[in-house]
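**Student:** Sequence:
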Amino acid sequence: MCPTGTSLFPSRNITNLRSAFDILDVDHDGKISHEDLKTSYSHADDNIIGTMMKVADSNNNGYVEYDEFEKVLLKSDGSNNVNGVMEDVFKAMDCDGDGKVGYGDLRSYLNMAGLDVNDDEIKAMIRFGGGDYDGVTFDGFMKILSL
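Numbering (the UniProt record's numbering), first residue to last: 1 to 147.
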């Protein structure tokens, strides 16, 4: 659901797109709405959000269900390529733009997503992603999401 731009990161494949979908489904109603995307991409204007919705909402019901989300992200050869979406999520979480998602960034997003996590769990996620006190890089973030 990334309408423009080229990747700053090398191509990556993951087998489960559900975690990416769940991050964008801010209100956890099983579908991604315009408002969900506006929350996730607070820096994007309504034209960009509208384009994202138009690209993904194949049944034109105003929402992106998981199967539509998956179709947008699946390449024609059947492999998953979530670079654009996950890069955008990572960039949105990286509030200071240092190329890492730190403790505060992760805590803020998990709380916004309605996930009840404690300090030790957040620190464990960062360690699992190979991060240090400064946070995790995009690769580490992808590793955390692969759980």
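Please note: incorrect hints may appear among the correct ones.
Distance windows between CB atoms, simulated [unchecked claim]:
1) D67 / D96: 12 to 22 Å
2) H28 / F128: 34 to 44 Å
3) R107 / G62: 24 to 34 Å
4) K91 / K54: 18 to 28 Å
5) N61 / R127: 12 to 22 Å
6) L115 / T51: 20 to 30 Å
7) K123 / N61: 12 to 22 Å
8) G130 / R18: 18 to 28 Å
9) K71 / D132: 32 to 42 Å
I should point out that these hints are in silico values taken from the structure, not numbers from a laboratory. Note that the structure is a prediction, hence the values are computed from the model and not measured. Just so you know, even glycine gets a beta-carbon here, dropped at the ideal spot from N, CA and C.
**Student:** Honestly, do N61 and R127 meet the 12 to 22 Å range at C-beta?
**Tutor:** The hint (12 to 22 Å, Cβ to Cβ) is violated, given that N61 and R127 are roughly 41 Å apart.
**Student:** Does the Cβ-Cβ separation between G130 and R18 fall within 18 to 28 Å?
**Tutor:** 23 Å, holds
**Student:** Given the range 12 to 22 Å, decide if the beta-carbon distance of K123 to N61 lies inside it.
**Tutor:** Since the Cβ atoms of K123 and N61 sit about 41 Å apart, the hinted range of 12 to 22 Å is violated.
**Student:** A range of 20 to 30 Å was offered for this pair. Does it hold for the Cβ distance of L115 and T51?
**Tutor:** 29 Å, holds
**Student:** Does the Cβ pair R107, G62 satisfy 24 to 34 Å?
**Tutor:** At 32 Å between Cβs, range holds.
**Student:** Does the Cβ-Cβ separation between K91 and K54 fall within 18 to 28 Å?
**Tutor:** 22 Å, holds
**Student:** So does H28 sit 34 to 44 Å from F128, Cβ to Cβ?
**Tutor:** This hint is violated: roughly 23 Å between Cβ atoms.
**Student:** A range of 32 to 42 Å was offered for this pair. Does it hold for the Cβ distance of K71 and D132?
**Tutor:** 38 Å, holds
**Student:** At the C-beta level, are D67 and D96 separated by a distance inside 12 to 22 Å?
**Tutor:** With Cβ atoms ~36 Å apart, the hint is violated.
The structure fails to meet hints 1, 2, 5, 7 from the earlier list, while all remaining hints are met.
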